[in-house]
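Starting from the structure of chain A, add chains B and C where the hints point.
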Amino acid sequence: MSVEFDQKINETLADANLQLAIYGSTARLKQGRIDTVGALPDYQELRTQANAVKKHTIENLDYYLEEFERNVKARGGQVVYCKDATDVADFVLGLAKEREARLIVKSKSMTTEEVDLNERLEHHGLESVETDLGEYILQLAHERPYHIVAPALHKTRYDVAEIFTEKLKVPRETVIEKQTAIARSVLREKFLAADIGISGANFLVADSGAVVIIENEGNARLTTSAPKVHIAVAGIEKVIPRAQDLATFLKLLARSATGQMMSVYASFLAGPRRPGEVDGPDEFYVVLLDNGRTKLLPDRSKRQSLYCIRCGACLNTCPVYRKIGGHSFPWVYSGPIGAILTPQFMGVSHEPGLPFASSLCGACGEVCPVKIDIPKILLELRSDVKKSETREKQNRWEKLAFRAFAWLMTKPSLFEMAGRIGASMAPSTDGKWISSVPAAMNLPPVKRWLSQRDLPPPPGRSFRELWRRR
Amino acid sequence: MANRVALFVTCMVDQLFPKVGIAMADVLERLGYQVDFPEQQTCCGQPAFNSGYRAEARTVARHFLETFEAHERIVVPSGSCTSMVSHHYADLFEKEPETLARVHALEKRVFEFSAFLTEVAQVEDVGARFDGVVTFHDGCHALRELGIRSGPRRLLANVRGLELREMLPAEECCGFGGTFSVKFPELSGAMARTKIDAILKTGAGTVVSLDPSCLMQIQGVLSRMGSPVQTMHLAEVLASR
Amino acid sequence: MARENILHKIRTALGRSAGQDAADGPPPRIVVPEMEIEDRIHSMRTRIEALAGRTMRAANGCAAREMVAGEIAGKTSVASNSPFLRECGVTELPGVRSGITDREELRQICAVADIGITSADYVLADTGTLVMIASPAEARLISLLPPVHLAVVPKERILTGLDELFSVVPQPAEITSSMVMITGPSRTADIEQFLVRGVHGPGAIAVVVVG
Chain A
1 MSVEFDQKIN
11 ETLADANLQL
21 AIYGSTARLK
31 QGRIDTVGAL
41 PDYQELRTQA
51 NAVKKHTIEN
61 LDYYLEEFER
71 NVKARGGQVV
81 YCKDATDVAD
91 FVLGLAKERE
101 ARLIVKSKSM
111 TTEEVDLNER
121 LEHHGLESVE
131 TDLGEYILQL
141 AHERPYHIVA
151 PALHKTRYDV
161 AEIFTEKLKV
171 PRETVIEKQT
181 AIARSVLREK
191 FLAADIGISG
201 ANFLVADSGA
211 VVIIENEGNA
221 RLTTSAPKVH
231 IAVAGIEKVI
241 PRAQDLATFL
251 KLLARSATGQ
261 MMSVYASFLA
271 GPRRPGEVDG
281 PDEFYVVLLD
291 NGRTKLLPDR
301 SKRQSLYCIR
311 CGACLNTCPV
321 YRKIGGHSFP
331 WVYSGPIGAI
341 LTPQFMGVSH
351 EPGLPFASSL
361 CGACGEVCPV
371 KIDIPKILLE
381 LRSDVKKSET
391 REKQNRWEKL
401 AFRAFAWLMT
411 KPSLFEMAGR
421 IGASMAPSTD
431 GKWISSVPAA
441 MNLPPVKRWL
451 SQRDLPPPPG
461 RSFRELWRRR
Chain B
471 MANRVALFVT
481 CMVDQLFPKV
491 GIAMADVLER
501 LGYQVDFPEQ
511 QTCCGQPAFN
521 SGYRAEARTV
531 ARHFLETFEA
541 HERIVVPSGS
551 CTSMVSHHYA
561 DLFEKEPETL
571 ARVHALEKRV
581 FEFSAFLTEV
591 AQVEDVGARF
601 DGVVTFHDGC
611 HALRELGIRS
621 GPRRLLANVR
631 GLELREMLPA
641 EECCGFGGTF
651 SVKFPELSGA
661 MARTKIDAIL
671 KTGAGTVVSL
681 DPSCLMQIQG
691 VLSRMGSPVQ
701 TMHLAEVLAS
711 R
Chain C
712 MARENILHKI
722 RTALGRSAGQ
732 DAADGPPPRI
742 VVPEMEIEDR
752 IHSMRTRIEA
762 LAGRTMRAAN
772 GCAAREMVAG
782 EIAGKTSVAS
792 NSPFLRECGV
802 TELPGVRSGI
812 TDREELRQIC
822 AVADIGITSA
832 DYVLADTGTL
842 VMIASPAEAR
852 LISLLPPVHL
862 AVVPKERILT
872 GLDELFSVVP
882 QPAEITSSMV
892 MITGPSRTAD
902 IEQFLVRGVH
912 GPGAIAVVVV
922 G
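Those protein sequences? They're chains A, B and C, same order as listed. For the first sequence, this note's numbering begins at 1 and goes up steadily by one. For the second sequence, this note's numbering begins at 471 and goes up steadily by one. For the third sequence, this note's numbering begins at 712 and goes up steadily by one.
Just chain A, same shape as in the assembly (with noise of 0.2 angstroms):
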């Protein structure tokens, strides 16, 4: 793995306090999404319908996404492909110099992390406020996402404290309630005056050229709703056929994401207002971007990494992410779905070791409201990265010891006389447990067990050699 990453895990791991709040925050929605998933009698079945239904649509991409695209157009908006972050930042500023506009409002979307948009936007001199609590503060303080669902989970109520002191220059305030107030305050007066609102999307509905958006707070149908146009940006694996799959897609996002039976707010939104609405945005667009998705398609094992809503429940329940938090993570999208989205989106090079942050424990798999074989994926991942190194012909070491592993293994006296001499080698203890072994036998791996735990003592004789003797 690469020295970063390593580094990463490691200062969060000694970061006590970002321990406590990683592990307590991910432990109330992890027991917030068994509560209401218990209570789903035919949760099971969901999942299986969920998944279906991702699987179908996956393999008719391009089908769903011209429906998509032939409804948008019939409900008087507009769709607009993008091959990448460039794509994406050309159309957007494009129509914002058309519209003169100078003010946009953001909610929460990750599709819109991965290519930068506000960089891009700040860039060129536009404002680009995101109006989601926790986006907002980081966008204040300048950092990235923690968790897909809830963003500033490392923040305390003092961190706030002192970034909106600096940033919005005023008096320290360290009540919660207050906090919010004062966002609630400074942002209602953004989404007032904006131009543009641009959204991600949960799911783009195909026989309704509708986008559908998720939300707790209310930011995301001010931003669709207050300023004249209205941009939603998503990811083309985000296409469901129907409006009706709805009813199964609905039913596990909330109570996967955070244990509630539904999000506060769920949009179901068509084109610009209709004649004779009385609110609504003039101008709707859908941006479809790929950047990078394509290139999951053609592995017919792997593409199933396309059916993510983004609930984060993998995180939640992941004992790795629990631990080493969002940031350990090299790319915008964490915990075991950032595990196994980044190297097919950035190839395994990127950072070999990420697919082996993972004891392969499965909560995920289990946890997955589409039934993405996580844990599969992780192991064909393993695989690419060594073959991979293999044509690069690195960590040769590795592979040399792992061929001698599996040749030995084929030879079974060998295998017993190996373990006689790694047993006569051991210092001997009298049953106890070992807590550091001589030079000779102090190779890495042994070294790196003994740094954290001991060692068992090496038994008089092996099982076979008792089985003789019985």
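Just so you know, the hints here were simulated from the structure itself, not pulled from any lab data. Glycine residues also receive a C-beta, built at the ideal position from the N, C-alpha and C atoms. It cannot be assumed that every hint is accurate.
[What the hints assert, rightly or not] Restraint-style ranges between C-beta atoms, simulated for each label pair:
1) A:292 to B:489: 44 to 54 angstroms
2) C:906 to A:438: 51 to 61 angstroms
3) C:773 to B:636: 51 to 61 angstroms
4) A:3 to C:882: 51 to 61 angstroms
5) A:44 to C:886: 26 to 36 angstroms
6) C:905 to A:3: 29 to 39 angstroms
7) B:639 to C:882: 41 to 51 angstroms
8) A:436 to B:502: 42 to 52 angstroms
9) A:414 to B:557: 26 to 36 angstroms
10) B:499 to A:414: 22 to 32 angstroms
11) C:761 to A:292: 35 to 45 angstroms
12) C:906 to A:44: 22 to 32 angstroms
[Said to hold, decoys possible] Straight-line Cα separation of at most 30 angstroms, DSS-like style, residue types lysine-lysine; simulated pairs:
13) A:55 to B:565
14) B:653 to A:399
15) A:371 to A:295
16) B:578 to A:55
17) C:720 to A:55
18) A:371 to B:653
19) A:376 to B:565
20) A:83 to C:720
21) A:447 to A:399
22) B:653 to A:447
23) A:8 to A:393
24) A:376 to A:83
25) C:720 to A:376
26) A:411 to B:653
27) A:178 to C:786
28) A:371 to A:55
29) A:30 to B:653
30) A:387 to A:399
31) B:653 to A:295
32) A:167 to A:178
33) B:671 to A:30
34) B:671 to A:432
35) A:73 to A:55
36) A:73 to C:720
37) C:720 to A:371
38) B:489 to A:447
39) A:393 to A:376
40) A:295 to A:73
Just chains B and C, lined up with the frame of chain A:
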């Protein structure tokens, strides 16, 4: 013959925890089984598979197939080794139809020890006695890949003198994860210590599990901490009299 | 062109050709339970109150009007153009502005009103969700800008849940540009997982069930 079983003790039990294998044989023999130990056995190949070395894992898996495919029932004192054979060999040999057929023929005949007792032998009381307060750790492979949760608890409930206390949570990974434990030692250690916090809160003197690898991780940290809490494999508890 | 580029990549990856139909897929899963109206009302009220919302029951439109009068006394309110609100006489109450059809005017009034009064197109009993369909009768911002949202709904509009909603309205896009499902007051736990209500949307909601 219906009362014959073969032991796959696993490389770890063979070399590091042989008493687990003996205990398992004792329990099976007391139940009337004739127990074979095919001497050609070594390993299931999991270390190579988990580390991304599939070709090397296939080499070891072929040896496993040759060693065991003639045996009617194979019993294994490990959830992870069992699921390697029953769930992952098919992935390894996806592209080799002939070997895949042999895998499919074998995979339903390989049993984790506690599942063998409760589902094949259909026994929940093996006449064991163990005085002490015990807590049970659900190893991840046994729990999630093999669906084993209540069986071991029912077996423990019938052990005379044993008091079972559940740790909360019982289902969180101990942090072993094979080579993960030495690739990410600090992280693995942190996960183990969280597990041990839960264990210590129960007041149990012994932690029982189905997987020697989990037990090695947990005992390793307990020992480093100087804790008197012990670990035992389920087979060792069930063999106790 | 990005469109052709992306669609082409997709088709190549999937082994599909341009214009090819989709294979048969799984039909939508819609399971509508049986539920008596009184049970629906009870469930809806329980769920809304569990989220710190308030609910009231009025036997008829007149009673509803009285209840609303009590809620809004001394405050400024903006009401939607819902015919049901008019029938109940809610729009005539003191302090209530309604009948607004201009977007700018509506926004200005909503920005300063204490209470936004609407009806609802449907209510979902199993989750306590108000379903608001944008139309000449119901504007978007009335249930969003003011700090309090008060909804007055006839009991006949209470459905069992999402499945029934999407049976009754399988194609919302045909009738509206916006269907919003509202479950409880606006909230966040973004700071230290500490729950705060009324972040951007209303921090208090109250629902009067009529009938």
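Original post:
Does the Cβ distance between residue 905 of chain C and residue 3 of chain A fall inside 29 to 39 angstroms?
Top reply: 37 angstroms, holds
Original post:
Is the Cα-Cα distance between residue 73 of chain A and residue 55 of chain A 30 angstroms or less?
Top reply: 26 angstroms, holds
Original post:
CB of residue 773 of chain C to CB of residue 636 of chain B, is that within 51 to 61 angstroms?
Top reply: For residue 636 of chain B against residue 773 of chain C, whose Cβ atoms are near 58 angstroms apart, the range 51 to 61 angstroms holds.
Original post:
Keeping to a limit of 30 angstroms between CA atoms, is the pair of residue 653 of chain B and residue 399 of chain A held or broken?
Top reply: Measuring from Cα to Cα gives roughly 15 angstroms; hence the hint holds.
Original post:
Given the proposed pairing of residue 295 of chain A with residue 73 of chain A, does the C-alpha separation stay at or below 30 angstroms?
Top reply: Answer holds: residue 295 of chain A to residue 73 of chain A is near 27 angstroms, not above 30 angstroms.
**OP:** For the pair we were handed, residue 387 of chain A and residue 399 of chain A, check the Cα-Cα distance against 30 angstroms.
**Re:** With Cα atoms ~10 angstroms apart, residue 387 of chain A and residue 399 of chain A stay inside 30 angstroms; holds.
Original post:
Between residue 447 of chain A and residue 399 of chain A, is the straight-line Cα distance small enough, at 30 angstroms or below?
Top reply: 19 angstroms, holds
Subject >> Distance restraint between residue 83 of chain A and residue 720 of chain C, which requires alpha-carbon spacing of 30 angstroms or less >> reply: The hint holds at about 11 angstroms.
**OP:** Take the C-alpha atoms of residue 371 of chain A and residue 55 of chain A, compute the straight-line distance between them, and say whether it is at most 30 angstroms.
**Re:** Since the Cα atoms of residue 371 of chain A and residue 55 of chain A sit roughly 10 angstroms apart, the hinted pair holds (cutoff 30 angstroms).
Original post:
Going straight from one Cα to the other, do residue 653 of chain B and residue 447 of chain A come out at no more than 30 angstroms?
Top reply: 11 angstroms, holds
Subject >> Cβ separation of residue 906 of chain C and residue 438 of chain A, checked against the hinted range 51 to 61 angstroms >> reply: 57 angstroms, holds
Original post:
Are the Cα atoms of residue 393 of chain A and residue 376 of chain A separated by 30 angstroms or less?
Top reply: With Cα atoms ~26 angstroms apart, residue 393 of chain A and residue 376 of chain A stay inside 30 angstroms; holds.
Comparing the model with each numbered hint stated earlier shows that all of them hold.
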